[in-house]
Structure formats: structure tokens, C-alpha cells
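First to last, the sequence lines map onto chains A and B. Going by this note's numbering, the first sequence opens with residue 1244, and the numbers climb by one from there. Going by this note's numbering, the second sequence opens with residue 524, and the numbers climb by one from there.
Read the hints as simulated data drawn from the structure, not as lab findings. A virtual CB, placed ideally from N, CA and C, is assigned to each residue, including glycine. Be aware that a few hints might be false.
Unchecked claim - Incomplete in silico selection of chain A near chain B, CB under 7 Å: (1) V1304; (2) V1308; (3) I1315.
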Amino acid sequence: MSGQQDILKNDLRPDLARIAQWIEPGSRVLDLGCGDGTLLEALRDERQVIGAGVEIDDDRVIACVRRGVNVIQQNLEGGLALFDDKQFDTAVLSQTLQSMHRTEHILREMTRVAHQAIVSFPNFGYWRYGLTILSGTMPVSGQMPYQWYNTPNIHLCTLRDFETLAQDLGMKILERATFNEGREIGVLPGWRSTLAVYRITAA
Amino acid sequence: MSASSLRVGPNSADVTYSSAAVDRGSVGVITPSILRFDTPLALASGQTLDAYELAVETYGTLNDTASNAVLICHALNASHHVAGIAAHDPKDVGWWDNMVGPGKALDTDRFFVIGINNLGSCFGSTGPASINPVTGSPWGAAFPVLTVEDWVHAQARVADHFGIEKFAAVMGGSLGGMQALSWAIECPERVENCIVIASTPRLSAQNIGFNEVARRAIITDPDFHGGDYYAHNTVPSRGLSVARMIGHITYQSDDDMAEKFGRNQRAPGADGAWRYGYDVEFEVESYLRYQGEKFSRYFDANTYLLITRALDYFDPARSTGGDLARAFADAQANFMLVSFSTDWRFPPERSRELVRALLKSGRPVSYAEIDAPHGHDAFLLTDSRYHAVIGGYFDRIALSLGLGARHRSGGGMA
Chain A
1244 MSGQQDILKN DLRPDLARIA QWIEPGSRVL DLGCGDGTLL EALRDERQVI
1294 GAGVEIDDDR VIACVRRGVN VIQQNLEGGL ALFDDKQFDT AVLSQTLQSM
1344 HRTEHILREM TRVAHQAIVS FPNFGYWRYG LTILSGTMPV SGQMPYQWYN
1394 TPNIHLCTLR DFETLAQDLG MKILERATFN EGREIGVLPG WRSTLAVYRI
1444 TAA
Chain B
524 MSASSLRVGP NSADVTYSSA AVDRGSVGVI TPSILRFDTP LALASGQTLD
574 AYELAVETYG TLNDTASNAV LICHALNASH HVAGIAAHDP KDVGWWDNMV
624 GPGKALDTDR FFVIGINNLG SCFGSTGPAS INPVTGSPWG AAFPVLTVED
674 WVHAQARVAD HFGIEKFAAV MGGSLGGMQA LSWAIECPER VENCIVIAST
724 PRLSAQNIGF NEVARRAIIT DPDFHGGDYY AHNTVPSRGL SVARMIGHIT
774 YQSDDDMAEK FGRNQRAPGA DGAWRYGYDV EFEVESYLRY QGEKFSRYFD
824 ANTYLLITRA LDYFDPARST GGDLARAFAD AQANFMLVSF STDWRFPPER
874 SRELVRALLK SGRPVSYAEI DAPHGHDAFL LTDSRYHAVI GGYFDRIALS
924 LGLGARHRSG GGMA
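Could you build the full structure based on these sequences and the hints that come with them?
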């Protein structure tokens, strides 16, 4: 698929490139915590996606506006009341779930406003993290570069934890992709991956 | 239609607003023109205005395809004098001079910017103080009540005059934002981008309440004479002054006033003793009285009534059964909205309501909620985040129209 090639050519992070592959060309995408708008810009330019982002940080909002990415400045914790049911084809929450207070609420809201939700988060089940804890300290890594006392990551989980929650919320997992240092992990992802990306629907 | 030079009265309408000194990003000394329109204008009220004049200023150069035009709509007490230094008064700097100029957020090196004094106002455009050609005396109370939509239709003829089929952007704050919204609804094919700052889709009961208090202050002033005070050689200056004092309170945040004035006494007695009277005791009283009195010397009371009523009537969802999203059904513009966290006159919730409706109607929309301490007035003040959002948005417009990059960076831009 040429779109896929182009997106990879754009030096999009591998997890974002995978997210892009799960998004239909020309569809409507809501990117929650859209940062500087990199993903939405790539989706617009390479896949003709009609996008909207939600971001709270002033500088990132300005960056989005400068890219011509539609952005709405809002705190995600307040929910997605601005958006109607199924207003989007896809809602994306990239590496933000672990820092949200209301984990279940945002997942429900995503599947309310969009036909499918794409969620990525750091895999706390990565074997090195376990080893670090066994050796007596909390893990600090490129994926989670924080000390225990200043981390925004308050809801860390493993792949199995997330899959259990999705099941409890009555959601269906359509696809999963796992990564470590930008490489896709196929074997023993629960142990070997540092980042997981899921595609889910409201069953 | 003819354009001629204009002498306007003192238009230091916004000394408290446009505190920005003239800087390298100024459009320079500006002389307004008067455009006359002789085709009757049908009004929302059912009345018709046979002819009217509008005071207009422009900055920058209209390109060959007339694609780089931006219309600035003004709020209650401002005018066509958006930027630069008034030719008749070097101290009269435009009310949005920190936003509009070479290298500024709205960059006049690339855009052609138009400011229009609204119909019914009192800075050179036809209004209640103008001579009614039928009677040969000032219109006074006979001047028709106008709506935001009427203003848009009157302004559209200015666009025709310049040969502008479609504005690159229509932009305004507060009541100006309502006009921008109305442009996108009334003339959908003529607005590429709609920039709406510190505005609202309709006034709340509280907003109307404040307007009504202001109007009663004017109307019950014995010098008002039913609106025909020109004939009596009087001005309802006490009422107008009180109206302005009320307005001023609603433009500022509680914190902002606390910081500016606190409970400071104006001229306390020995050891800070109260004066035990009803003259000015606190600084805030002195400030409000000063602002009110100054305002009443240059603003027309009938215009104040007319404009506050236009504010009250604005409600584009009225014709769609209260469904704001449906009100935008025919709009074609891209939208950029900005609100300010401490604005309690038109709070962020009103802008979010607009965002929700625009999303629902499928319009591309961006929204910035600026955390600023200055209340409603923040839209006129310099704030690097606010100006970076607007500047960034105009840079995108310039890119899409092939207007090139900035030549320079002026005041207010980060």
C-alpha cells in the first residue's frame, strides 16, 4: 500500500506508523492528546484523513495550528462532551492512557464518539522492569523516563491487565501490535515488548 | 458611491484598551475614508435605510486576485480605526494595533485588512446622530434598530466596493466575533476563514440584564428626551457614564480588579480614616467614574442603546429551533475560536458550545482556551500565546493562498 510507504518515509515513529495503517484513507480521526499534531498531519497529507486533535498544552496547540491541524484545547479528564456519538471513525489515544485518572471513563468515551478506538501504552510487564523491581528499585527507561516520585504514569499495566479491562468493559480487541525500541515484537510480547498498541471496538 | 476624506471626532475610544505604544510593527499614520451607498438596505426590523455612509480604514495592499483581504469587525465601543495612528490625532492608536500591522499576528505585509465603523455607530458612519435626509435634523429615536445580520449586509457592500468576492478571513472579538459568525452564516461563500474571539452564540439572561441596566441608565436620564436630545442641545451624559461604568466591570475579572485597585482608598483621611460620605472613597470608584465620564464625552448614547440591543438580539440558532449546529449547516468557512479562562462575560463554556455545534455540523474548527487573568478585555491585550495562535493561523491561511512567508516579525509575535 503506497500510503503506508509514504507514512514510513515521513519518519513517523513505528507505533504511530502502525496506528496509521489501521486508519482508513479519507476517514474521520480524533487524536486525543495529539501533541504537536505530527500524526494528524501525516494522516492528512498521506491518507486524506479529516482529523481533529485534543491537546491541553499551549505550545503544542500553537504547533498544531501552525501545521494546519485542527486542534481543540481541552483537558481530556473532562471527557469528550464536545463530541457527538460516532462523530469519528477512529479515536486515537497514544501513550496517554497510563497517565489518566479516569481510565475506564476515557475508554468508554472513545468507543462512544468513534467506531473504533486505538490505544497505546507502555507495557509494564516488560521483563527488564520486573528484574529492576526484583533488584529493589522502580524501573526508569526511555519509554518511561521518570522517577517514581515525579512520574505522571499513575495507571501502569501489562498487556494482560489491559486485555482484562477491555473485556470487563465489554469491548472487543480487533488487533494488537507490540514494539520494543521501534522494532515490532512477535514472540512473547507480554515479556519482550515495551509498548503495546490495540485496536478495539465497543463489542 | 463615493469615497472622500473624513474628519472624525476624538476617537480615543479605547485608551484603556490600546495601551500598546506605536512600535516598529505599526501601519503608520492612517486617514479613514467614507463610503456612501445609495442602494436601499432592507433591515431585519422590516424597515429600510435608503442610503448610508460607512467610515472605513484599510491597511496593506489588496493583491491582484483580491484573495488576501481580511475584515476586522469591532465590538461595542470601537470603530474602523483598528490599527495605526489617526491622522487627526497622533495619540489615537487603533484599538487592535497590537494584533494588526507589518509582521504582527495579522501581518499587513501579506494581508489587506479592512476596518469598518458599524452602521449606527458614531465615528463617521451613519447613525442616530446623523442627519435624517427626510427631516433635515438628526435621526435620534427614529433611527432604525439594527441587528448583527444588518451590519453584515451593510459590510458586504464594502467588500463589493473593493472587488472582494471572498474574504481570506473575517475576524472579531466579542460583538465583533458575533459579526464574524454571522458572516459565515449569512454570506457562506464569501468567508474562507472565520476567527471568533471571546464571543458567544447568544447573550445569556445575565448579559441581557447588564445591557438593560445600562440602557435604563441612559433612557431615564432627564437629558435623554426620548432619544431626541440633539434637538434639545443636551447629552444624557450621566446615564451614558453609568452605562459605561457597568460595562467596564463586566469586561474585567474579579482578580484583575482586585489586583489593580484592591480596597485602596482614593484620598484617605489621617491614619487612613474613612470619609463617611458618598463621594469617591475607593480607587475603583474613581477609576470607574473617570472612565464613564470620558466615555460620555465622545460616545453617542443612542448608539449605545442600538449596539447593546443588537447584542441582545444576536441568536443565529433562533431560526433553527435552537439547534446551533443546524444554524451552521450552510457555512463553508474554517473556524478558529479563542476564549479566555477568566472571561465571565462570554466565558469559555460559550465558545465550547460553538465548537461543539461546529464539529456537529462538520466544519473544520480549532479552539484555543487561553489561561489569562484579564477577563473579557484579554482579547484586546497582548498575550504571546494568544497572538501566536492567531499569527500561526494566519500563516496557514497565507500558505494556502500562496501569499508567502513573513518578511519580518513585529510586536506581539513570539
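Against the structure, the hints:
1. The interface hint given for A:V1304 holds, since its Cβ lies 6 Å from the closest Cβ of chain B, which is under the 7 Å cut-off.
2. At a threshold of 7 Å, the smallest CB-CB gap from A:V1308 to chain B is about 4 Å, leaving the interface hint in force.
3. The interface hint given for A:I1315 holds, since its Cβ lies 5 Å from the closest Cβ of chain B, which is under the 7 Å cut-off.
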